[in-house]
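Student: Below, each chain spelled out in residue letters.
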Amino acid sequence: MKLAGETEAVIIGIIASGIRLATPVLFAGLGEKIAERSGILNLGIEGMMLMGAFGGFIGTYFTGNYVIGILLAMASAGILAVLKGFLSITIRTNQLAAGLAIWLLGTGLAALLYRLTFGVRTAAPSVELMPKIDIPGLSNLPGIGPILFNHDPLVYIGFLLVPLTYIFIFKTNLGLKIRTVGENPKQADALGVNVYKIRYLAVIVGGALAGIGGAYYSLVQTGYFLENITGGAGWIALALVIFGRWKSQWILVGALIFGMVDAFQLGLQALGTTLPYQFLLMLPYLIPIAVLVGLYKRTGAPAALATPYVRGER
Amino acid sequence: MKSYLKKASVVAVIAALVLVSSMAIVAPLQIANAQGGKQLKIALVTDALFSDGGWGAAAHDAAKLLETKYGYQVAYAESIAIPDIEATLRQYAQDGYDLIIAHGFQWGDPAVKVGKDYPNTKIVVFTGLVSSNNVASIFPMQQEGTFLLGALGAMMTKTGTLAYVGGDQYPNIINIFEGYKQGAKLVKPDIKVIGTYLGDFDNPAKGKEAGLAQINNGADFLFHVADTSGHGVIQAAKEKKVYAFGAVLDQSALAPDTVLTSFVLDMDKAFDQALQMVVQNKFEGKIFKPGIEVGKGASGDGIVYLAPFNQLDSKVPADVKAKLQELTQAVIDKKILVPERIKTTSDISATAKLGDQTYTITGISSGGKINSATINSGKSIKFEFDKAGDIELTLPKSVIDGITVVKAGDKTVEFQEISSSDSASTIKFVLPEGSSSVEISGTTVVPEFGTLVAIVLAALLVGVIGIVRFKGALLNLGRP
Amino acid sequence: MSVLDVVTQTRNKLRDVKFFVPFASASLAFVVGAIILGATGVDVGKAYTIMFEGAFGSAFGFGDVLLKTTSLLLTGLAVSVAFRCKQWNIGAEGQLYMGALGGTLVGISVVGLIPGLAIFLGIILSFIFGAVFALVPAVLKVKFGVNEVISTVLLNFVAFLFISFLLHGPIKAPGFNPYSPEIGNASQMPIIFPGTRLHAGIIVAALATVGVYYLWKTKIGFEIKSVGANIKAARYAGMNITKSVLVTLAISGGLAGIAGGMLVSGVQHVLIEGISPGYGFIAVIIALLGRQHPIGVAIVAFFFSVLMTGSETMYRSLGVPSAFSMTLQALVLVFVLVGQLFVVWLGKRKVGGAR
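Chains as they are written, first to last, in this note's numbering: chain A, -6 to 307; chain B, 59 to 538; chain C, 100 to 454.
Take these hints with a grain of salt, some might be off.
Restricting the straight-line Cα-Cα distance to at most 27 Å, the calculated cross-link-like pairs of lysine-lysine (BS3-like) are [said to hold, decoys possible]: (1) LYS179/A x LYS331/C; (2) LYS486/B x LYS445/B; (3) LYS445/B x LYS271/C; (4) LYS125/A x LYS347/B; (5) LYS347/B x LYS271/C; (6) LYS344/B x LYS271/C; (7) LYS240/C x LYS342/C; (8) LYS243/B x LYS216/B; (9) LYS243/B x LYS469/B.
Simulated from the structure, these hints should not be mistaken for lab results.
Make a model of the complete structure from these sequences and hints.
Tutor: Here it is in structure tokens:
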């Protein structure tokens, strides 16, 4: 029976690990969903996440307060989002180009500001990791407890955001406006909705959420800021939104698949396997594509995605 | 279609002409870059980041020390992309730099190439394996340090499982982990060593999850060589309250209650050695392979050492410390060899029968497994392998002692005795491609029954005579 | 269309104020860059002098500018071809790596020793490898409707890992480092200007530019453009959409593949991880700024390689953090995009005047 217990521990470990790996991409994915629902495609999530990781780190490093850190993460990524909005909404440049510019800018700026703040040190400056919160009564449940109820606060917030963003988009007036702006900006305008304002709002909210996703790496996972700490998570988030067909619940499923596959391959390596590790590392990138193939031709993209809106233009 | 091709080639020729002529205009400007000044000019160049809190940062600090210690100006360039390595070296050589310290094995080949064109510039490649007239490499025997980590872990593990996490499967890193395994197995032959490669040197989140997965699989010592990804490995150990080993520099400060010790590359010493070669005009274009030393600042040429236990000192039992010291000295004195191994090995074992006695022989191999082992009484042991490769075998002295010749087919193969104890010795050899069997001969090989009986009888006889004579002596003593 | 027409067109473009706006915007980015540099305590004048000298001050430096142009131009063209058909290929980096593999395989085989044939086949195989790898997302798109932005982005990572696997095992050279064996002498692109690293690949890139220019004059080129412009109209006109998408992405991936092949045959002479510092990603920006026109792409590619070479020289000389180089490039891009506002404004004024 000892063996069974060990196997169980390994499986629980992998699932819990998968949830942690899924959380940052979940935040970024939900944020990007809101932006895309309003018609703005943002390829710059990776840059925003890095700015968020940096903002969260210095905020917490200098004040010792996680809330200030998270707020600063949201603000730093939010500033980039404003710029993205300006490029894509106000002056209507190509959204792919604007997104890539934001990606480069966020990556470069986060690294540069970090270097200007801390210089070069052999002992990288660090913050204490955000503590875990056990949900009383639930965290001791066998199996489910350690998987679901023994995490840091951001995991709970991230999962809570799934229904919240769903309600926000489908059940609130503002959500309706965002959807209309994304589907048919002209009609929205005719109904008296300020298309520009709504799109700005959606992009900034999206950016702020990407910022939290980034801060997850610096405040929860590692306690450091490092250049490229997000390791391509922004691109995964982008894929998740399309994979999830712009629906919160499916984005969650996608994020979990990604996290689980990643955790599984690390777990598999630890168990010992003769398969070259590169093939295991490919899984998190290949499986989303495979799933998309399975979802054969079902779309749901906002009709006006990546198209700028010009008032009064036919 | 044809006319398109014609026009295309016309345009291409014109474009090429324009380019070449513009080059001709630009070329003379080059001379303007005159060099002067007597001050020694030093540059440190790397593809890593100086702010990585590890590999790059340690190099940066070591170069800074050259500035403060001797007053030289050092130029720094970090994060150089692979295709720009040659251009970077050329720029410094052209600017009249006397010494370029290139940090990382990727700089080896371009260094030789650029060195040829700039004979006055000396290039030292840290962890490189190249050399020419004005290019030298320092290739630390890191596996000697990690051998000690493995031994330490094996002495202290409660679960019997050690783990390692690698950034990428570079031969250099394989070598480091093979040393770790050798150390662990020497202390505890049945130990389990599990490994994970991340494919990523700067992804601490992934490093952490990999570490947690290993702890879940029973590991209670995590060792990383993964640069910033390794920070995550240490975090995982900290969270689960197991020990971690740091890499490249003393990483105790990252998690004082978690990092038991680290294997340290003494770059301060290495860079200083490189500088002295240039200052004292005794540059040698060769590959230096400095190994282990007792600690920071020890005399001798070694540049690898284990960091102090710092505040975990009280957690390490005295006998473990003594044994560790003994092993360190054995490695320094070459009593135990930790050879370079650039291929991942797996365990092999075989049993050989002689009479009713069964002997088990264990080892590691980068290639094939042992199909069979036969003891050719009085002469040799013969092994059949299914594939060629690098082989190491631990042979009990009760089976064979005083190994003289290793033969593959009818060709003699060079072998190395890596370590030897009272009960067994370990040898390393390469089984060449195309051969599948090896015959190892020694001075004493376990004898056949007949011989055995004879020897036992002889021994008894000698013993009896000895006792009798001894007794006689005692009796004599008793006399007044 | 002849060479003369191209010249005339370019001249007309030069007369247009719009043409200069991006350059003015880029200059503004340098002003902002100067402020950041000033904040780090660096002599700004000296920094920009070094930057200029880095790109134009020596034959070697300028040779490196053209060397980078080769990679950026080929990948930029690759992406621009796909964009013309509204296929958002963000996977040029991965296709570049696969092309590099194709070139390497020719170079390390016996063929790598046959003069002439080695280089020719090297280019062909790097094209094929890049094209086939780009056909994966193309087929997924036309067969299963998988969005190509996702699949091309994700396949980049797959390509890196695949190359990593090969370099650690099947095609690793004997010895210590994870490199492929060196390619044969005949496979190595000749240096066309001694004392620099500039190799004949720039001619290949120039030919590719011309090739793409004339591609749009051919029937299939016209179809591709039509599909990109208005897919419904193209379908109504009886054009084969599937074929257009497949051909487009094959050409696109092939061009990116050649860029990779050139990095092996012209620069490294071995295949190595990290052979490209993200040319395939910057290519997306270049294609967009160059307005998907081969001449535009060539100009922007040249400008960007001046910027990259110069800013890298600068941070090496002054010890400015490497992140500054990336930030400056991003700033240039942002300002050029903002500059388009000015162009739009110019356009509106003209329309207003005509009324």
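Student: Against which earlier hints does the structure fall short, listed by number upward?
Tutor: Going through the list in order, the structure violates hints 4 and 9 and respects the others.
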